[in-house]
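**Q** Here are the chains, one letter per residue:
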Amino acid sequence: MSKTLLRNDWVVMALFTAAVLSMPLWLAPIGAGYPDLLQKFAIFGLFAIGYNILFGLTGYLSFGHAVFLGVGSYTAVWSFKLLTMNVLPAVLFSVLMGGLFAVIIGYLSLRRSGIYFSILTLAFAQMSYNMAYSVLTPITNGETGLQLAKSDPRVIDALFIEAGEGLPSTDLFGMQMSGYPGFYFCAVLLIIGFFISLRIFRSPFGLKLLAIKSNQTRMLYTGFNTRPYLLTAFVISGMYAGLAGALMAVTDPLAGAERMQWTASGEVVLMTILGGVGTLIGPLLGVGVIKYFENIFSALNVDTLHQIFSFLPDWLENVVVWISSHFVGEGWHLTLGLLFMVIVIFLPGGLMEGFQRIGSALRNLFKRSEAVAAQPSEKE
Amino acid sequence: MGNIVLSIKNVDKTFGGLHALGDINLDIEEGKIHAIIGPNGAGKSTLLNVCIGRLAPDRGTVEFEGKNMIGMEPYEINHAGMVRVFQTPEIFPDLSILQNVMIPALAKRDGVFNFDAFKSMASNADIEEQSTRILEELGLKSQTHDHAGSMSRGDKRRLELSMGLVQHPRLLLLDEPTAGMSRHDTNRTIDLLKQIKERGMTKIIIEHDMHVVFSLADRISVLAQGRIIAQGTPDEIRGNPRVQEAYLGGAEL
Amino acid sequence: MDAIFIQILNGLDKGGAYALIALGLTLVFGTLGVVNFAHGALFMLGAFCAVTTQKLLTISKHVQDTSITFFDAYKDQPYLEIWWGDFGRTIIDWSVPLSILLTIPAMLLIGLSMERGLIRHFYKRSHAEQILMTFGLAIVLQEIIRSIFGANPIPTPAPDIIAGSAPIGALFGLDEALVYPWWRLIYLLFSIITVSGVFAFLQLTTFGMVVRAGMHDRETVGLLGINVERRFTVVFGLAAVVTGLAGAMYAPILSPDYHMGMDFLVLSFIVVVVGGMGSLRGAVAAGFLLGLLQSFASMNEVKTIIPGIDQIIIYLVAVVIILVRPRGLMGRKGVMED
Amino acid sequence: MSDKKVSELSRRGFIKVGAGALAAASMPMFFIKDAWVAKDFRNNPKGAASVKFGFNVPQTGAYADEGADELRAYKLAVKHINGDGDGGMMNTMKPLSLKGNGILGKKLEYVTGDTQTKSDAARGSAKRMIEKDGVLMVTGGSSSGVAIAVQGLCQEMGIIFMAGLTHSNDTTGKDKRRYGFRHFFNAYMSGAALGPVLKKEMGTNRKAYHLTADYTWGWTQEESIKNTTEALGWTTVETVRTPVGAGDFSQYITPVLNSGADVLILNHYGKDMINSLTQAIQFGLKDKMVDGIQFEIVVPLFSRLMAQGAGDAIKGILGTTNWNWSLQDEGSKAFVKSFGQEYGFPPSMAAHTCYVQALLYADACERAGSFYPPEVIKQLEDYDFDGMGNGPTLYRGADHQCFKDVLVVRGNANPSSQFDLLKVEQVVPSAQVTYDPKIFGGELGPYEV
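Chains as they are written, first to last, in my numbering: chain A, 45 to 424; chain B, 197 to 449; chain C, 3 to 340; chain D, 3 to 451.
Bound-form chain A, shown alone (with noise of 0.2 Å):
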């Protein structure tokens, strides 16, 4: 695909809607197709991409960003419990909140850059967990999680329909928000969150964070006041974890304290840099990877392993087994953690740059066979 047809945004977002919504056909394959996991694609992308915002943009490293995520979880239940199942309330008000809380802690910690900025978001994130675990129960409920009860108000429902017998379930005007269509819904949201995203990346705002993440202090002297630029992105991007937490209690009614954990704002931080900072598409490939791993390689068990290879002779089957066992189900980490340092040595670009090195080196291959036959009758 030529270069210059990428550079205009329908022919990209055309593809990636095509690519996103028929997620659930060309990951069947591998074992991933089937909602919840769908779901977490969509759900961890839109975070993924909200994220990237701040940090491919801006180079700014948050380790708090999970907070937002989990504010907008809370949000999201509160509001399914307080006011209605339907969703979009929820959705507005999680991305509010999320962008309140980020308002706030952004604020802060933006007065500070490099670790200190990191160390910063770091420490909210980690008061905000340790209080939603424990002294703020009656809002959170703790470890728990804080759930749907019969006993909800659930104000606008109750004027429109009786209550049912057993928990109601989350809908978008009738329709009910778990299996394929919240994942339909989630994805539908990923490809506006990624058509927003794509437009700030192109946009002069998006620039001008590129320049601040090159050199703020030039960007001071060039007549830019850089903290509303950091804010702003701070704040979109805590609007997007916001919006993430959101689906995550839409697809599933339930918001633990632990989505508000450091390593659960580590793990963006992860799936960001695995798959390409500062790229369109990076951030969703680290998703689709850590989450397939996180999913599918941990359920790996000896004897699927042996179904696997059963085409092996046995011997071989069994060393077989026996090696890779160590690096499935139980062994999930290992492998994830020998992904992350492979990855970062020899592709220190992310996967994407794994991508254009294969692009380039196939392009070039195309080239040279085109220059052969091209050759009599070169000219320009």
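No lab work stands behind these hints: they were computed from the structure. Note that the coordinates shown come from a computational prediction; the quantities given were computed from them, not determined experimentally. Just so you know, even glycine gets a beta-carbon here, dropped at the ideal spot from N, CA and C. This list has only true hints and no planted wrong ones.
Rough simulated footprint, nothing fancy, chain A against chain B, three-plus residues with beta-carbon under 8 Å:
| # | stretch |
| --- | --- |
| 1 | 259 to 272 |
| 2 | 288 to 302 |
| 3 | 311 to 322 |
Restricting the straight-line Cα-Cα distance to at most 30 Å, the calculated cross-link-like pairs of lysine-lysine (BS3-like) are:
| # | chain 1 | residue 1 | chain 2 | residue 2 |
| --- | --- | --- | --- | --- |
| 4 | C | K77 | D | K425 |
| 5 | A | K411 | B | K337 |
| 6 | D | K176 | A | K125 |
| 7 | C | K305 | D | K288 |
| 8 | D | K425 | C | K63 |
| 9 | D | K335 | C | K63 |
Knowing the structure of chain A, use the given hints to seat chains B, C and D on it.
**A** Positioned in the frame of chain A, the structure of chains B, C and D alone reads:
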């Protein structure tokens, strides 16, 4: 005497025990090129840093078009119309050459903050054109999409200069604009600066290269050990024995 | 009064551990500029040096266990016990102090090979890449330990005669009920000695001078024609040994498990930042300060006024310090202070 | 708007539709009212030759060893249900409907997943099992937070959840669910069982000091034990909350020294319990005398893995467990024997409860003659059984909690083997620990979802 653009009054600055600037008084006339010369460590760069808000003086004021600049943020000073071109190139190494020039052009247009996240880059055709023109003038047009970080040092200096020029400041502070350039490039830069002079932009130049100073400057101030020891036209300075003693070691100019 | 006195001891004891961990991290961070997320893993490896020593000393003969009749079960009798009887038992009992003999060379080796093999290729890379690599490394080290020792904490008791507690109440003329475990007092003493040792090494030797100069200005030191690279390797080795020793000696207080490094990782970064980036003295001071604050914040009297303060005090201090005094307690102005 | 019940579309049906974009456009078509045709249900095996269980256990994180032991037990249960091996508790379970040919003639298979001891991960893993692997039942877990989270999910999905190790009152109290079942005992029962033993061993005039893990399970246990001991006439000097994963507990232990308390109750589990107990003993609390009374430490919930982690510190400490391998009844002996022969060491209580849960579910299906969840649930509710290691047991229908004997144990001072860590002090009969389900509230919810 013409209109005074910049007026530095009684500026003092000490670092620890070192008296970097002592009671500096300096007026810059509109439309002129004013050179500040002096031996290494004379306080030239400190003076520039005070002017653009990078350093706060212990005492004194810097008035730009009648407004005191002390305590203002660097970006406010920039928007007031006073722009500095750095000695060691302070460019955006990760951006393309064209983007490097577009950023200051955008600053000129958008002000200190403008949330234009949903405007496409293509809608800034005027900015792009303006930037390309400047690059063309400085002879950098051929490589506008290359990364600025990979440019040669001389090219970086020219880029730095175009980043200052694109903002059309009323006062441009140039910190050794030709240091490290070849003779050829230096001459080109001199021509360019002369050309721009005709547009009525005031400039302060700090320079080592006497060739540059004397071919450009309308007025010269000589700084030594944090004090202005002489001021005047190039001819006056050329003939000033104190200058020759303090700065030129008695050598003939 | 008694309560405050004993909380000061608790704080100092915690602070000793924090200081040792942060000292290693700030050496790596301040000198090499590497954000090392595998630092917690070094602490964990140190603790497992103690476990390994214990396991090595208790290599056992399998004896059929006749007390279990349902199936063939075996019980273990350590060879040391078989060969040397009570003396063998004593050696096993002293396995944690003895483990220092293993910890120093093992951690030095681990540190040197880590620096040579991986870290040195990342000096010039971005912090993000350093984080991804060292985080990956931390996970791999953790998983290796888990596959050998399992996930459950492993009890590594202190020697019997010092497993009990010292009657400090009686010693200092306070409430008789006040006691303090001998091992914790030893740990405090040990951390002070180790910190002093590292300082003496850096202050008194030419090697240390170069390293300190390198922390101030790496380029200049490089220009002096000194082989900075090799010294960096040694610095990393030194950091690994200090951190590892902190872990090994901590084993009786906190039964080692494979995940313990991650629990200390965030904390060690916070201690370094509070102390001041690249300041060794700052790291030590901040370690003790945070230890003390944490102890006092945990007192019931304090917790009833501000519920949950003990869970966030460390982070709160970090936030205040970074916002009010970004160079930390003792950091020099301008060092990594952008 | 009416209260319409909108059905889920099945995965297979969906894939057949083809292109995703097309499907998105035509989505509303799939939401046909009342698609449950006569007793069809999620993951109905229909004509398949085999059925699947989902074993959702912690494979990484602090409880990974416990999870590994659970998984061993599950594999053994699958073996026994399919008629392989020596049959284990299938030989002692009374009444027994399983025939050793799988369940209802279908071979039993299983899939595994990692809960990571995190609610989100556990639910994700359970969803994969349900949505992708098509499991009939999900079981396992090693903490109450996870159990409650997965139980809630299973209720929504219409899949039965047989909880693994979960000790919080909430699992079958405030957060009970129609589709969730717990064989394990709970904090209330621990308290009730400890009561008489504490009275016998320590008298009625004690002063207790609680250190409690600062989260839901810790609080329910603190409350239960406090109620029991105060009913005995004890006073509670102080209850102190400690952060989860504190590591060093010294700052919480030292105030105990001169608080005047003579009993320390550690409401901790896992790593927290290992550390707090070890450290409490380093502070000399075990040998301490307060006004001429011997100081005592009580750990209300014990497990063998915790005892292993705490090492010598466990000796002489009182607590309760759900089951211990040294029990001499036929069921326990049969289970320990087949587990020991398979793996070379005796099973933990986590392994036991998981094994029993798998067997109970399979047996209920066999009795129901169907995998239809509401029928299976009805078979399990108010079901009396015996021969599973805890004496006669009732699966109470009102809250899906098992009522059976509770073991009060003491850390063995002179273990005869490396597994002989806990000595059974007293077997408290189930009548003494039974309570009124109303005290914890909660609502089971509907049979049909």
